[in-house]
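Enquirer: This is what each chain is made of:
2 protein chains.
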Amino acid sequence: MQSPSRDIRLRNCFSMLRHLLADHPSSRPDLAKKTGLSVATVSNLVTELIDLGVVVEAGLEDSGGGRPRMLLGPNTDGGVLIGVDVATTYVKFEAYDLALQVLFRIEEQVDLAEDTPEKLLDHIASGMAAVREVLADREILGLGVSLPGQVDVAGGISVSNPNWNWRDVAFKELLAERLGLDAPIYLDNSLKTVTAGELWFGDGLGVERLAVVVLGTGVGVGLAFDGKLYRGATNSAGEWGHTTIDPNGPVCRCGRRGCIEARIGAPGILRQWAAMGCDREWETQESAIEALAADWKTGEEPAVRTIEAVARDLALGVANFVNLVNPDLVVFTGWVSDALGEALLPELRRRLPDHVLESALGALRIKLDEQSRNMVILGAAALALEGHLNRIKSVGSRARL
Amino acid sequence: MQSPSRDIRLRNCFSMLRHLLADHPSSRPDLAKKTGLSVATVSNLVTELIDLGVVVEAGLEDSGGGRPRMLLGPNTDGGVLIGVDVATTYVKFEAYDLALQVLFRIEEQVDLAEDTPEKLLDHIASGMAAVREVLADREILGLGVSLPGQVDVAGGISVSNPNWNWRDVAFKELLAERLGLDAPIYLDNSLKTVTAGELWFGDGLGVERLAVVVLGTGVGVGLAFDGKLYRGATNSAGEWGHTTIDPNGPVCRCGRRGCIEARIGAPGILRQWAAMGCDREWETQESAIEALAADWKTGEEPAVRTIEAVARDLALGVANFVNLVNPDLVVFTGWVSDALGEALLPELRRRLPDHVLESALGALRIKLDEQSRNMVILGAAALALEGHLNRIKSVGSRARL
Chain A
1 MQSPSRDIRL
11 RNCFSMLRHL
21 LADHPSSRPD
31 LAKKTGLSVA
41 TVSNLVTELI
51 DLGVVVEAGL
61 EDSGGGRPRM
71 LLGPNTDGGV
81 LIGVDVATTY
91 VKFEAYDLAL
101 QVLFRIEEQV
111 DLAEDTPEKL
121 LDHIASGMAA
131 VREVLADREI
141 LGLGVSLPGQ
151 VDVAGGISVS
161 NPNWNWRDVA
171 FKELLAERLG
181 LDAPIYLDNS
191 LKTVTAGELW
201 FGDGLGVERL
211 AVVVLGTGVG
221 VGLAFDGKLY
231 RGATNSAGEW
241 GHTTIDPNGP
251 VCRCGRRGCI
261 EARIGAPGIL
271 RQWAAMGCDR
281 EWETQESAIE
291 ALAADWKTGE
301 EPAVRTIEAV
311 ARDLALGVAN
321 FVNLVNPDLV
331 VFTGWVSDAL
341 GEALLPELRR
351 RLPDHVLESA
361 LGALRIKLDE
371 QSRNMVILGA
381 AALALEGHLN
391 RIKSVGSRAR
401 L
Chain B
1 MQSPSRDIRL
11 RNCFSMLRHL
21 LADHPSSRPD
31 LAKKTGLSVA
41 TVSNLVTELI
51 DLGVVVEAGL
61 EDSGGGRPRM
71 LLGPNTDGGV
81 LIGVDVATTY
91 VKFEAYDLAL
101 QVLFRIEEQV
111 DLAEDTPEKL
121 LDHIASGMAA
131 VREVLADREI
141 LGLGVSLPGQ
151 VDVAGGISVS
161 NPNWNWRDVA
171 FKELLAERLG
181 LDAPIYLDNS
191 LKTVTAGELW
201 FGDGLGVERL
211 AVVVLGTGVG
221 VGLAFDGKLY
231 RGATNSAGEW
241 GHTTIDPNGP
251 VCRCGRRGCI
261 EARIGAPGIL
271 RQWAAMGCDR
281 EWETQESAIE
291 ALAADWKTGE
301 EPAVRTIEAV
311 ARDLALGVAN
321 FVNLVNPDLV
331 VFTGWVSDAL
341 GEALLPELRR
351 RLPDHVLESA
361 LGALRIKLDE
371 QSRNMVILGA
381 AALALEGHLN
391 RIKSVGSRAR
401 L
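Protein chains in written order, with our numbering: chain A, 1 to 401; chain B, 1 to 401.
If we strip away everything but chain A, and leave its shape as in the complex, we get (with noise of 0.2 Å):
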């Protein structure tokens, strides 16, 4: 496991690092100040960080008599970090400077036949092609991957799949070799990389208690505590949409019965939907999920039916989490979320204080996740940058978040 002193390191780098991506550039002082970390630590760790190529002197500033500051900002010229998304229709690329702004961005479709991991890798290095071609002249610091299913981060195995039936597959190990990159590769599923993109780019910096809703085709929740992605004993942490709601509820894609996901998974929604009195039929189940969310707003009654409905199970599902791990924070991200988090966040807000206890509904933040940025490939990169930090040495104290 991770030292404790390393996860402390990671907290003020991410720390110093929002602080200059929000406002630069800044004096040494101004970082201490923010961060509540002391001017040494900061001073130690921006010589660090500007070795590593992440951060940049900007400038000097008055300091009203004495010796002029230093200013500093983020090295958007240096090193850059890759983001994909793998999926089983598309492979998304991202490819950000250390601002973490988009330089690039490319998509490659997937077919559904192409199930192999041959043919997902002949995609994703036509994809990092793309992107090597364009930012030809710099350099690669990273590479963060998000595969669906189970992952193994330590040995960087694809272990199991809902998609697609392949057991145990040394992706990393394959990627490596395809793309003959210098770069480390990091492997992660896209539960885990969006949770870390809400962490460290999102609203979770500095929350001790995080849970990220996803809400897609499947659903889950992401944990991080005390700064720290929660991956549980095998990286199987989070896995909510198989926790049981109603042990006489519909059969879900895994095999099991009345697993909360058969019934708030966009699949699930729909067929609430369709319950409901909506014959309509669709080419994709997005076109579907945004139909349900027009009618609900133009208050068309099988939609409102579906949407109270859809937020009585999620009510549930969320009190059942909140009860256990009694989170500071829970914000729900994902395709669906976006599509209908308007319409069922006031639902659950009002259902929620007749499940969870009093006691931990008192300290409980829900809100939508209102980044207009992608957090499973922004995660993705903030995973290879997390191992870029990870080469710092000093530790100082801790940052306030």
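Since the hints were derived computationally from the structure, they do not count as laboratory data. Quantities reported herein were computed from a predicted structural model and do not represent experimental measurements. There may be inaccurate statements among the hints.
It does not matter which identical chain is meant; a pair holds if it fits inside one copy or across any two.
Below, a list of computed lysine-lysine pairs in the DSS-like style, where the Cα atoms sit at most 30 Å apart [stated by the list, open to error]:
#: 1; residue 1: K119; residue 2: K92
#: 2; residue 1: K367; residue 2: K34
#: 3; residue 1: K33; residue 2: K393
#: 4; residue 1: K367; residue 2: K33
#: 5; residue 1: K34; residue 2: K393
#: 6; residue 1: K367; residue 2: K297
For chain A, the structure is supplied; the task is to place chain B on it using the hints.
Expert: Positioned in the frame of chain A, the structure of chain B alone reads:
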């Protein structure tokens, strides 16, 4: 929040103490070998533990030519720790020496009508007077008190309580005034104290992700991550008893419907047994649960079917938190577990694969607590010992637990 270096210190101290209690006298190099700490760290910690009166020098050992090695042992003649378990019908006291051996034990019976803080304070003061009389010549290092219900640890407040109709009572302050004790008082609820007991003196030491399932009148699951009790935002984590496994299930004493506690807390189990055809009556639910265990052993049909039904609900509930938290070890404790664990666990093991994801199941160990000790009280004393050990300044490397 507690600093990470303090967390590491505590882990190191408890690791050393555990090894010292299991096998003493031991030399510093022995302890370094067993704990995985450097000899320098062990030496620094030992010096401070001797200053604190926790450890004593206990003779010399030939080191094969060089200077003889000093041997160390727990200071059984030093200060004492007191654990108190406050429940609806009793207050139990145990006084421990620093080898965690029970020096004195006493119990006060509490009438159900004695439901005011003042009446309880009377009982605690009465029990403590007896403890102090017997151990008049011993310094009390700390008093750990387990209360039912919701406890604000930092404020020492009994926030709310399922059994007594009180709210926001400054119990720690009242207790300190009443006892006039020099030693610090540590207040927490029984789920947290029992988890602290398992973490430091039970099966939990060295387990990175520990879950302690308490089965009694109520049920809960105490969590400890990374060698530290996980409390949640408001010390309300672990309220597993009030997670929903069936929205059409029976009404719980908390007023909600479908809580797992309503099915597998002692009253729920006895209701299920009655529904299976048992029409006997008992004076206490404890004797009823014992009778159920006896009937199950002799293969009585209603008892066997009740155990099956309870194991089915238990499997759903355990799977729900295992899928979410992905622990390394689940320990079952509490008086219902003591009586029925032997019946429930094989059935639970058989059913878990139907509900727990394969990735989490592979790493999971489940076991009954086989300690003969009262973990609620020992855990309360462990919180007092934590407080005492927190006076130590050394940090050093991290023990292999």
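Enquirer: Look at each hint and say if it fits the structure.
Expert: Structure-based check of all given hints:
no.: 1; hint: K119 with K92; result: within (15 Å within a copy, 66 Å between copies)
no.: 2; hint: K367 with K34; result: within (25 Å within a copy, 48 Å between copies)
no.: 3; hint: K33 with K393; result: both (22 Å within a copy, 27 Å between copies)
no.: 4; hint: K367 with K33; result: within (28 Å within a copy, 49 Å between copies)
no.: 5; hint: K34 with K393; result: both (22 Å within a copy, 29 Å between copies)
no.: 6; hint: K367 with K297; result: within (20 Å within a copy, 52 Å between copies)
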